[in-house]
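Asker: Sequence:
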Amino acid sequence: MVDLDSRTARVPTRRVNAMEAVLSDLRGAIERGDYVVGDKLPSEAELGQRFEVSRSVVREALRAMQALGLTASRAGKGTYVASPGATEDPIFGAYSSRDLVEVRRHVEIPVAAYAATRRTQDDLDLLDRLLVRMERQTDTTAWVALDTLFHISIAQAAGNPVFRKVIEEIRDALARQSTFLDMLARDRREQSNREHHAIVAAIVERSEEGAVRAMTAHLEHVESALSAIVRPDRSVSAADARTATPSCRCAATSGLPQPADR
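When we follow this note's numbering, the leftmost residue of the sequence shown carries the number 745, and every step to the right adds one.
One should not assume that every hint holds.
As a list, the in silico EDC-like pairs of lysine to aspartate or glutamate whose alpha-carbon atoms are at most 16 Å apart [as the list claims (entries may be wrong)]:
id, residue 1, residue 2
1, K821, D778
2, K821, D783
3, K821, E790
It should be emphasised that the hints constitute simulated quantities derived from the structure, not laboratory data. Since we're looking at a predicted model, the values are computed, not measured.
Sequences and hints are given; from them, build the entire structure.
Answerer: What follows is the structure, given as structure tokens:
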């Protein structure tokens, strides 16, 4: 049994992203050893009461914990600690982050170059509409769907149906990765929108070199943001720290309650 009243101060989550604050405390509790492998975490309802957030916020935090390899969900039983530390290779659906990044480098960069020379006006019109919609979108799920469609549309503009098929094959993993970054990498959505604009600008100008440069920068920033999340203790550049690393401004807490028995 878990005594929710022991060793837990009230957590002020209102000054930061609520999900980020919940994740920070849960992750910290596991990495400190307050919870060890095999321990069951409190229920969604209990965590919601303790952190004074909705159950949907708790679910988002638990999904992020699972992607980080810290926990595992057991159907009908709850969430259990699976590892004492975050994995350096998160899993997004059927693919690992490392595999996904590698494939994207070898596919999406040349695809952007092909799109710059083969795109039609219809392709440009579609990409422009997607940019506008992403700029205006505030809902994470909707923005992620547009983000995924944006990358599929660039593959379509490359004029080779195989490219589009490859991107569609990893569509679910792309969406999961995008959601993960949108939740945990501060200002990542705004940065991504800017990077998308740079990619489209190069495609409009029919600049293969510019498209390669813009897509390369985009994927490097994705990788940098992922690294900052899974390895926050390692040094990153000042620019990366400002744009990619989640920062929690909430006061230190005494930690989450430990299970009574292990």
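Asker: For each hint, tell me whether it holds in the structure or not.
Answerer: Results of checking the hints against the structure:
1. Distance hint between K821 and D778 is unfulfilled; the C-alpha atoms sit about 20 Å from each other, more than 16 Å.
2. Distance hint between K821 and D783 is fulfilled; the C-alpha atoms sit about 12 Å from each other, no more than 16 Å.
3. Among the hinted pairs, K821 with E790 is consistent with the structure: their alpha-carbon atoms are about 15 Å apart, no more than 16 Å.
Comparing the model with each earlier hint shows a violation of hint 1 alone; every other hint is respected.
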